[in-house]
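K.L.:
So the chains spell out like this:
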Amino acid sequence: MSKNIFINGKGFSFEGEKTVLEVARENGIYIPSLCYHEKVGPANKCRVCVVEVDGMKDLQTSCSLAAADGMKVGTTTEKVLEAQRMVVNLLLSNGNHNCLSCEANGDCELQDAAYYLGIERPPFVIEEHKEREDSGAFILRDPEKCIQCGRCIEGCNRLVVNEVLDFGYRGGHTEVVWDNDMPLDDSNCVECGECVQMCPVGALIAKKGMGRARRWETKPVRTTCPYCGVGCQLDLHVKDDQIIRVTGTEGAQPNMGHLCVKGRFGYDFIYSDERLTTPLIRENDGFREASWDEALNLVAGKFTQIIEESGPDAIAGVSCARSINEDSYNMQKLFRSVIGTNNIDHCART
Amino acid sequence: MTNSFREFENNKLIFCIGTNMTEAHPVASYYVKRAVNKGATLIVADPRKHALADKASIFAQIKVGSDVAFLNGIMNVLITEDLYDKKFVEANCEDFEALKAKVLEYPPERASKIARVPADQIREIARTLAVNRPGALCYTLGITEHTCGKNNVMSTANLQMLLGNLGMEGGGVNPLRGQNNVQGACDMGALPNVFHGYQAVTDPAAREKFAKAWNVPSLPDKPGLMIPDMMAKLPSKEVRAFYIFGENLANTDPNIANVEHELSSAEFLVCNDIFMTETTRFAHVIFPSAAWCEDDGTFASSERRVNRVRKIKEPPGQAKPNWWIFKEIAKRMGHEWRSSSSREIWDKEVSPLAAPYTGIKYARIENDGLQWPCPSEEHPGTTFLHKDGKFTRGKGLFQAIEWTPPAEVEDEEYPFVLSTGRRLFHYHSRTQTGRAGMDQKLSEETADICPKDAARLGIANGEYIQVSSRRGSVRVKARVTDQIPLGMVWMAFHFREANANWLTNNVYDPQTKTAEYKACSCKIEKIA
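So the sequence lines, in the order shown, correspond to chains X and H.
Residue numbers in the first sequence follow my numbering, run continuously in steps of one, and reach 350 at the last position.
Residue numbers in the second sequence follow my numbering, run continuously in steps of one, and reach 878 at the last position.
Chain X on its own, in the form it takes in the complex (with noise of 0.2 Å):
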């Protein structure tokens, strides 16, 4: 049965169990939003989210508040803004959030947040200076970027359960760490980059895109990941021919945004200058460079001399399993069809 709720006076109906942020959401409506992630839900830690509520005395989080049938929610009201222009003023001070140069510069929910509630500058003094965490092969750590929202922690113990990241130390040394405060590298972390998708800010960020375009510039395209047989999709940001970074597609089939660390780090092989770029025949003990014509020329007239001095059935062929369909297609085609002859395998069963 469909219900109401009423927010900053206009009603919207939804169906089923769901909380403020999420109808508001739904609607087009932004609430400021930063520990709560749609994968993980609630976590109840930033109190960003609030809202006035008619009836309830306090102001509540919106992230966990379950919408209620003829509920009245308010989330422009001055109560509702000076408190949350209190929380990321905190968050502000509690760091070193400088934008100039920093990877999530326009896709930044703390960004986007202190741009709703117009702080241009935090009121309050920069604490203490925190190093970046460099030890990874592909992910960097910049502590006073860290916000401690937590997604990332939850990320990793309860979305794809590698279990290694946890909050470290307390009240206002609080920070995350790898194991027991280990580096990266020496910790059990095996870079899958959950946490780097999770993360709303800056504070975990992908290396191999790392000063080579701002995020406006590239354009996701998705695709398949190459590496295993789960068949995880893949969202390509692109930036002229260049792939900047990659995330897994949220809500796709069948990795809902997960990935490993081959998929979203192992992208980079296909710009290597090893690449084959040339048809080369065998010369001598090397190779020459040759013409396609001359090398398509060569392998049609010696397959045309042995099926006529043997048999198609001394031609044998082996198709790639890492390469597309409409690849293995057309081979098994040739082979079937132009040659004659069904010896055409692959690594099926191995």
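Read the hints as simulated data drawn from the structure, not as lab findings.
Given the structure is predicted, the values throughout are model-derived calculations rather than measurements.
Backbone N, C-alpha and C fix where the C-beta goes; we use that ideal spot for every residue, glycine too.
Any given hint could turn out to be false.
Facing chain X, a subset of chain H residues (Cβ under 7 Å, in silico) [what the hints assert, rightly or not]:
id : residue
1  : Gln529
2  : Gly534
3  : Pro570
4  : Ile636
5  : Ile662
6  : Lys663
7  : Ala669
8  : Ile679
9  : Ala680
10 : Ser692
11 : Trp696
12 : Thr864
Pairs of lysine-lysine residues, derived as DSBU-like cross-links and limited to a Cα-Cα distance of at most 30 Å, are as follows [said to hold, decoys possible]:
id : chain 1 : residue 1 : chain 2 : residue 2
13 : X       : Lys302    : H       : Lys587
14 : H       : Lys362    : X       : Lys39
15 : H       : Lys791    : X       : Lys39
16 : H       : Lys661    : X       : Lys239
Using the hints provided, position chain H relative to the given structure of chain X.
P.N.:
Here is chain H on its own, set in the frame of chain X:
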């Protein structure tokens, strides 16, 4: 896979045998681990105590190559204790009596001696499987890469039929395919016995259909050779020309010395590849191919899902799409093919010429892919097979299967068993991962051995040792880990140096011709 990845998370029970999913299929393992956290029962059977074993309710550290005996032992308990799904078996299966007679020869005590796990653990597994239904069975190459690989696979199917775990969500026999498109290459008929969509070359109607579609008078009716037989016929020149598309056989096939002898004997070897490899060294002609991201197309995943792959850049230099290369050779041999893009090949040939793909068109898989069978353009695809116990052949056929040991077993001279596989940070012969920074995570091969063997032989973690089999010998760094059981050496094939395939045994399952990568005997020695 009969079933789908997304089901795993909500399964009641998952039985993983011969699959180190955490490293070989990491994203699938996330769902298995999440299922455990939600209360599912996980049973892991494997020679190695790999990461998933830590999450298991029951971990059976079975001896390499004992799978048939182990599974027969479980089925023995299910039958003798009357725990199997009689209704499912009677309604949907046949030859139960033959299966029963065979598994009665494998009481838990006998299975225990072969699998080297306690008889009571075999009983516990059987009882746990019986009370937690449906349950999904997952396997990978730990099951298939044996001389008895086909029998191992049949045994997993026997078990799931006996438990009535087929034809519903949360059940199934689920082989996780190793490569991104090994499912697709099978589906596309890159196999010696079938056209694409598994239409037999021995079926006159199928040949007539394809002869007409391809505009040729006839098509060959005799199944062709499988890879090991192709290569074995190179030295004798029975096979004179060999065409290798994107495979690095000189590193990935067992017994490298023999593989290289065969490849070097080829009268005419053609390769399509994106890099020079150990295999292209033997080529007479090498065609430069477009890589991933340089061509539009489709892959088919383990769960039979046909997914789109998209082009973002041109291939380097004069490199060309592989389908184009095959089309050009055909043209030069007198055959004009019409389709001139991947999309045309799929939509105009692959899809209409095979019933399982008839409903799959590029326009329908812009976002999520579709799972075959998908017989019409209105069909939503098939998330699990054999609904209501309806099998492709009619009734599910039980097979009475005898256990056989690996072709080569430990002896005085070679007292260790060598088993092989993949590691998380690399892929096969590293042509890709070796050029994508993954060497930072793993820069050389290791021989993994257990602490007891290391202590007995005075080998320290990280020390270089010599590992030898009857086929070769490598110098390799020892990695001492309690994942490995006593008497085993475990290695991968990612690096040319110390590649396990210098040692592996080129013996094959008689039907599938899958090599016994998982078991051969070897010895280890300290380097003075």
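K.L.:
Each hint needs a verdict: does it hold in this structure or not?
P.N.:
Results for each hint:
1. Gln529: 4 Å, holds
2. Gly534: 4 Å, holds
3. Pro570: 5 Å, holds
4. Ile636: Since chain X brings a Cβ to about 4 Å from Ile636(H), closer than 7 Å, the hint holds.
5. Ile662: 5 Å, holds
6. Lys663: Cβ of Lys663(H) sits 4 Å from chain X, so the hint holds.
7. Ala669: 6 Å, holds
8. Ile679: 5 Å, holds
9. Ala680: Interface hint status for Ala680(H): holds (5 Å vs cutoff 7 Å).
10. Ser692: Holds, about 4 Å.
11. Trp696: 6 Å, holds
12. Thr864: This interface hint holds because 4 Å falls under the 7 Å limit.
13. Lys302(X) with Lys587(H): 14 Å, holds
14. Lys362(H) with Lys39(X): Holds, at roughly 22 Å.
15. Lys791(H) with Lys39(X): Cα-Cα ~28 Å, so holds.
16. Lys661(H) with Lys239(X): 13 Å, holds
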